Amino acid sequence: MLMLFRNCRWGGSSTSDVASECEETVDQGLRRAQARSVDQRKPRRSLQLAARAAAIVLVLASTAQAADTSAPAVSKHDLQAKIDYCETCHGLSGRGFRGYYPIPRLAGQPPVYLQNQLQAFTEHRRKNIIMFNVAHVLSPEMETALTSYFAGLNPPPLGGAPKDLVSAGKQIYEQGISASDIPPCASCHGADAKGNDAFPRLAGQLNDYIFNKLTNFEKERGQKPEEPDTSAIMQPIAHALTEPQIKAVAAYVSSLE
Amino acid sequence: MDLRVRRSKTAPPNEERGRRLRSVVGLVLALQVGILAFAFAVTGRTGDAATVVASRHGVDGKLEYCLECHGASGQGYHGFYPIPRLAGQQTKYIENQLYAFIERRRTNSIMFNVAHVLSPAMVAGLAEHFRSLSPGPIGDGPRGLVKAGEQIFQNGIPDANVAACSACHGPDGTGNDQIPRLAGQLYPYLVKTLANWAIERGQKPANPDTSAIMKPVAHSLNKPQIEAVAAYISYLK
Numbered sequence: 000m001l002m003l004f005r006n007c008r009w010g011g012s013s014t015s016d017v018a019s020e021c022e023e024t025v026d027q028g029l030r031r032a033q034a035r036s037v038d039q040r041k042p043r044r045s046l047q048l049a050a051r052a053a054a055i056v057l058v059l060a061s062t063a064q065a066a067d068t069s070a071p072a073v074s075k076h077d078l079q080a081k082i083d084y085c086e087t088c089h090g091l092s093g094r095g096f097r098g099y100y101p102i103p104r105l106a107g108q109p110p111v112y113l114q115n116q117l118q119a120f121t122e123h124r125r126k127n128i129i130m131f132n133v134a135h136v137l138s139p140e141m142e143t144a145l146t147s148y149f150a151g152l153n154p155p156p157l158g159g160a161p162k163d164l165v166s167a168g169k170q171i172y173e174q175g176i177s178a179s180d181i182p183p184c185a186s187c188h189g190a191d192a193k194g195n196d197a198f199p200r201l202a203g204q205l206n207d208y209i210f211n212k213l214t215n216f217e218k219e220r221g222q223k224p225e226e227p228d229t230s231a232i233m234q235p236i237a238h239a240l241t242e243p244q245i246k247a248v249a250a251y252v253s254s255l256e
Numbered sequence: 000m001d002l003r004v005r006r007s008k009t010a011p012p013n014e015e016r017g018r019r020l021r022s023v024v025g026l027v028l029a030l031q032v033g034i035l036a037f038a039f040a041v042t043g044r045t046g047d048a049a050t051v052v053a054s055r056h057g058v059d060g061k062l063e064y065c066l067e068c069h070g071a072s073g074q075g076y077h078g079f080y081p082i083p084r085l086a087g088q089q090t091k092y093i094e095n096q097l098y099a100f101i102e103r104r105r106t107n108s109i110m111f112n113v114a115h116v117l118s119p120a121m122v123a124g125l126a127e128h129f130r131s132l133s134p135g136p137i138g139d140g141p142r143g144l145v146k147a148g149e150q151i152f153q154n155g156i157p158d159a160n161v162a163a164c165s166a167c168h169g170p171d172g173t174g175n176d177q178i179p180r181l182a183g184q185l186y187p188y189l190v191k192t193l194a195n196w197a198i199e200r201g202q203k204p205a206n207p208d209t210s211a212i213m214k215p216v217a218h219s220l221n222k223p224q225i226e227a228v229a230a231y232i233s234y235l236k
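Here the protein sequences line up with chains A and B, keeping their order.
At position 64 of the first sequence (counting the first as 1) the number is 63 in numbering that gives the first Met the number 0, and the numbers step up by one without a gap.
At position 32 of the second sequence (counting the first as 1) the number is 31 in numbering that gives the first Met the number 0, and the numbers step up by one without a gap.
Keep in mind that the hints were calculated from the coordinates and are not lab data.
These numbers come from a predicted model, not from an experiment.
Please note: incorrect hints may appear among the correct ones.
The list that follows gives simulated cross-link-like pairs (lysine-lysine, PhoX-like), each with its CA atoms no further than 25 angstroms apart [what the hints assert, rightly or not]:
| no. | chain 1 | residue 1 | chain 2 | residue 2 |
| --- | --- | --- | --- | --- |
| 1 | A | 162 | B | 91 |
| 2 | B | 214 | A | 126 |
| 3 | A | 212 | A | 162 |
| 4 | A | 75 | B | 214 |
Turn these sequences into a full structure, and let the hints steer you where they fit.
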């Protein structure tokens, strides 16, 4: 249907002209499809028998397979469609994208962290209307498939941060700021900032995204006090960091591969 | 009767005539070269394009020409085809589209003719000017579809893998950098653009461009959804 719709030629100054042109094309398309199916009835009888036999074998094989697995598998087509959808906003290979808002890199993110965030969006513990809509329709199997897919990607960082802040950021990242009781980021996020398990990867993350998240931490995360989550660990750190410090550390990690 | 051709008594002899002819030709040639040299000196387009700025007069003249089709204040116009609003459009987006028309990555014979004569300085000057225009929206979408359109625009259609338009175009539809402003765009233009995305944009697969990002979105939207979201957008200020 969509193919036929795409063949509509649009012209004229009103949508009624457009609609009639489309209907013509739909009819033509249907007739063409019917003509094709008639032609395809012509092949030799032996070929038809072989095809039928193969189909039976395939059906038996697939049902046998389904009996072994407990969870319904996500079809390749559905997964690819969902990946394309995610990448519309999150950028090619999940490298991040500067849309109206800076949209974060997902590539190389530990699957556990991504799953936690999707869950947090769905349960409104993390506030984001767009991501709520995205997340709450995902099945557990789709979540697993998606998060392991993005975890395996490794495009180069998107970049865009001011280079002169990088060395100050590296200092904060590796040594923390003892005067403000801020531990080194490296102690949880790793010396290479690639994260681990529930601790997110920061390497190659968009600097403006990091800035937004750290400055808005209290307003976005842990929004259900009766259901505290892993975001609580970052709350005091985000609170203690000053804006120049956030900008510096964001510039540093955004440059890391 | 004497029919011999008689040389005029005042005509100079052949040699003299030849010399005069050569000197006249030489003078004409010299004059032509001089005119050319002067012309090149005045236009001076040997420097790089970035340093050459289109004069205010030049941009104004070209602007009038653009506005003939795109509306007196760039608000768009219902011509034989719906002609899009340019007012308030992101400069980077207009520049990208003009180059896409020129390189035929975006197919439109009228806009190819318009675009391919523009110098880079003119492209930049025009884009800057359109950004500054701010007429209200024409507002031509069917009112009954606006509510459904708002849903799609702000929330997307997760089951159909359609991202929320607001994520990239902004909750007010004003866009950012390369991402176009949608607010106040003409309803039939939006409908046509989304429906025909695959046959109009990214027409040089060997030279992919930013239009690729919208391809899956345009593909996943069905006709009623396109009409709804277009109606909503057409009223955004």
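Which of the stated hints cannot be reconciled with the structure, identified by number in ascending sequence?
2
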